[in-house]
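K.L.:
Protein sequences, first through last, are from chains X and Z.
The opening position of the first sequence corresponds to residue 1 in the working numbering, with each subsequent residue numbered one higher.
The opening position of the second sequence corresponds to residue 1 in the working numbering, with each subsequent residue numbered one higher.
Computed beta-carbon distance windows for the label pairs:
1. X:R4 x Z:Y21: 29 to 39 Å
2. Z:R122 x X:R17: 14 to 24 Å
3. X:R4 x Z:P207: 37 to 47 Å
4. X:G325 x Z:D142: 34 to 44 Å
In short, the hints are calculated from the structure, not lab data.
Ideal Cβ placement from N, Cα and C applies to all residues, glycine included.
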Amino acid sequence: MNWRVRDLLSEAWSNLRAAPARTFLLVGLTAALMAGLAYTEAATTYDLVDFNRRYVEAGGNAVVVYSDSGLAVDSCATFKNANGVLASGALSSPTAVETDGAPGTLFNTAAGTSGLWDVIATDELVVPDPGGNGWTIGAAAAEELGLAPGMMLGIEGRIAPVERVVDTELRDPQASRSIMASMAPTGTAVQCWIEYGPGVSTGRTEAAAAVFAGSGDAIAAPLIRLDEFSRDTLAELAERPTRYGWILAGAVIALTVWVMAWFRRSDIGLYRALGTRTSGLTIIGSAEALIPLVAGAVVGTMWGVVVAGILAGESMAADQWSIVGRSVASGLLLAIVAAPLPWAIASREPIADQLKDR
Amino acid sequence: MSTPTAAANPALELTGISHRYGRGPWVLRNVDLTITAGETVALVGPSGSGKSTLLSITGLLTTPTEGSVRVGGDPVPQSDGGRSRMRTERYSWVFQTVNVFGARTAQDNVEVGMLSQGVSRREAADRARLALDAVGLSNHRDKPVRTLSGGEVQRVCIARATAVRPLVILADEPTGQLDRATSDVVLDALWGARHPESVLLVATHDPIVAERCDRVVRLLDGAASEAAA
Chain X
1 MNWRVRDLLS
11 EAWSNLRAAP
21 ARTFLLVGLT
31 AALMAGLAYT
41 EAATTYDLVD
51 FNRRYVEAGG
61 NAVVVYSDSG
71 LAVDSCATFK
81 NANGVLASGA
91 LSSPTAVETD
101 GAPGTLFNTA
111 AGTSGLWDVI
121 ATDELVVPDP
131 GGNGWTIGAA
141 AAEELGLAPG
151 MMLGIEGRIA
161 PVERVVDTEL
171 RDPQASRSIM
181 ASMAPTGTAV
191 QCWIEYGPGV
201 STGRTEAAAA
211 VFAGSGDAIA
221 APLIRLDEFS
231 RDTLAELAER
241 PTRYGWILAG
251 AVIALTVWVM
261 AWFRRSDIGL
271 YRALGTRTSG
281 LTIIGSAEAL
291 IPLVAGAVVG
301 TMWGVVVAGI
311 LAGESMAADQ
321 WSIVGRSVAS
331 GLLLAIVAAP
341 LPWAIASREP
351 IADQLKDR
Chain Z
1 MSTPTAAANP
11 ALELTGISHR
21 YGRGPWVLRN
31 VDLTITAGET
41 VALVGPSGSG
51 KSTLLSITGL
61 LTTPTEGSVR
71 VGGDPVPQSD
81 GGRSRMRTER
91 YSWVFQTVNV
101 FGARTAQDNV
111 EVGMLSQGVS
121 RREAADRARL
131 ALDAVGLSNH
141 RDKPVRTLSG
151 GEVQRVCIAR
161 ATAVRPLVIL
171 ADEPTGQLDR
181 ATSDVVLDAL
191 WGARHPESVL
201 LVATHDPIVA
211 ERCDRVVRLL
221 DGAASEAAA
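The following block holds chain Z by itself, in its conformation from the complex (with noise of 0.2 Å):
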């Protein structure tokens, strides 16, 4: 089964995955999925559905049994490094467990991830100051990231995700972990410091961020489908 969905200049396009582990069950069966530029996508649906493996897949950390990735136009190239250095300069991550560098600062954390990419340590200083401060973490900056509470840890996380200018940011159940007044927080955190041309794909069982997003598309034994909004 696929999602049908129009799209013009498309960010993101994946066609006809499918996925097994092993000689497993098929996790993941013909799965189309294009997202244009700026659009904000929900993928929902029961555990074990897929969800993480297509969002593993969508970010290049494991390569499809079967199908294709295009990024920004551009086939996933065929060498591990050529697959790595696409993941660094295109995509960011948001994990549900936070995975963040618990002795180091805040600063240090969202600089991380630009100095992975060859940005200077300078400019990588400022780009940190500023998406901390989108995301509201000005007088956390000096902290190490282990003294600060959940939410103000996964919202480390998403100013570093949103500070190295991805084309697509994946979120893999950003507010899992968090109360409801905290997953609030988060959320405007990563809609508010997200690039307006950004694509933020979300896996989520959390409804109300689904209804946050453009569009949801519904995994369930791993075939999608596009759900109402």
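Next up, chain X with everything else stripped away, as it sits in the complex (with noise of 0.2 Å):
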């Protein structure tokens, strides 16, 4: 009979309790080296995530298709269905009128199919097409001419209630001036807008041209100026100095288990001594780090966040979460894998040797 499982774990627990200095150094020093890691990786990200959303916003994921003979809307309908895409809608021709309440005041009205909202618009929730004959307005119109949704507005005798307002400004800031209608996904446009997903980064705008090749003088380009936008933003993420900064907060972790254990050497020999094996001796020696690596490891990253988020001015995205998540589990585990090493090759000396160390 050896020690059962759950006494090796109740004795990892004990000693960790008996010597709380060397606990929380450990627990400290880990924190430290996290919050560290953390900060790094967090405040590295900041910039990488902001050019990202600023990139999307502005609609660097957009293709728009153009032709004055005119596109068929039902084409620009089926891309709602393609790969890769989140949305797309087609926009009518405009036309310059005045509104019943302003005369005198020049607007533009156009059509646009459901679906166009949601590429064109940076509204954060934009609302759902009703499909009625209402009139969506842009933010800029809707200001000067006073409306909200819900009230009514008339445009050369048709009236019809605003339904939504939408704010344009950043992608199209004509139609932020502009007042547009419902069309129904038939006949022709002049415009087709497309929002692809940011997974998909090559071929957007030669897919777009290729559904309107039968119209002669279709153009598809992307929605920005790509020269704006120029850094890649993976390749920086990947090429980042901090990418291997899990392996420095890792290493130097174990290092200093390690040193502790060597430290231990006599309480290694009289565990064996007591007739502790190996396999004993490892857990022993993965339970005393695991607690205080772990505990250290999570005060530490909400340390580096933190401080990083008050730094920025704005809390953290997903994507930042995910990689520094990704960096301190990494150095952790690293850590948490070396940890008992020293346990299991000190039972490879001679036990004698050991006690004499006291």
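Using the hints, build the complex out of the two chains.
P.N.:
Below you can see the structure in the form of structure tokens.
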């Protein structure tokens, strides 16, 4: 018979409680290193994530197909089902009109299919197209006319409710001063807007152009000028200097655990003299490391993230949590795997020699 | 040279033990030693005579260059695991340098010996209390061992050694670092707490320890001889 696993874990816990200075030293060191790792990863990625957010908001993943002679609206609608496409919608040719309430002031009117607003507007929450006959108003026009959803608007004798006010300033400043109506997915339009998902990075323009190859003058182009967003964030992320930080943090923690184990060779010898086998020693060594290391990593990660967030002035995005989490978890795993090695190795030394170290 | 010792039901038999470290000189030469259950034996001799080596071989911490050891009639297994198991199940040690977990309580230190043998925590706690009572440390049960005096710590070691109810207790200079008065308290504890059937083999320089033993074996230049108790 030998130790029960439950008692080995309890033994490790008792050792941690009996030596609070050693335990807190390990917790503190782990917390400090993990805080540094989390902070550097978070701080580095704030810039990249912010760039990506601005890129997507500005329409970095959007393609617009133009044609003076007209594009088939139903072809534009087919993009909705294409792989990697988030939304698509057609926009008719604009016309200058006066509203019944503001004679003498010209506004553009146009019509768009459902789905157009999901591409053209950058509101965080775009109200789904109700499919009614009401107006969709650009934010600038709404402000100028004092309109809000639910109010009635008449244009050249046609009176209908304002269904939505959308913010198109970033992607289509002209549409911001437009009054738009809903359009059935038939007939022709002059523009087709397509929003791709972030995973589709190549061939987007070509794919859009191919659908309208039958329209002689159709031109597909990215919505934004790509030279305004020339950074390759994925490459920057892959090449960031902090990408090996987890190895450094994990190695320093593991080394500290090893040094602590070296100073406890006599304890190891005593356990062995009392009949504890290598497997039992390894479990004690692992458990004694696991608890302070995990506690230190959790505390340290929180520190690092909070400090990085305060300095950046915003909370972390999900992508950043993923990057920080992966780095911290990798460093922690390295340290935890390495931690019991000296306990296992020490079981090869003569017990009598270990006991003499006391 | 050997020490002829008639013994019925031998608990411990060392036959033809010779030992040298590497290519060094022989530390032990053809030692025979048989001890029956319940017997107390003192191992005396000058420094460097081989006492600690013989104790280490007897306790299965060192494999002899020549010779064999039988414990409770069974030969020592060849495998490391088998040797370790026999060491755990049949032996206890009391060392000269106090080997304890200093930050842990006296109760914890005594329990560890039994837990490592698979004794349940509840039973280990009960037996540890009894063992500490037997060596007169009832009032120090929950104190960290590092706060106890040298004699008290040695008694904790004795409680740990006896609580596991071993076949053989090996003591290496158990009073070596204690004054006379404290030594007497420790020896009383050792003799009083051990199970009557346990063998006690003590390596010592102290003639008072030797006087308490049933037999005295003298080691000189690695050879053993029976001396008058």
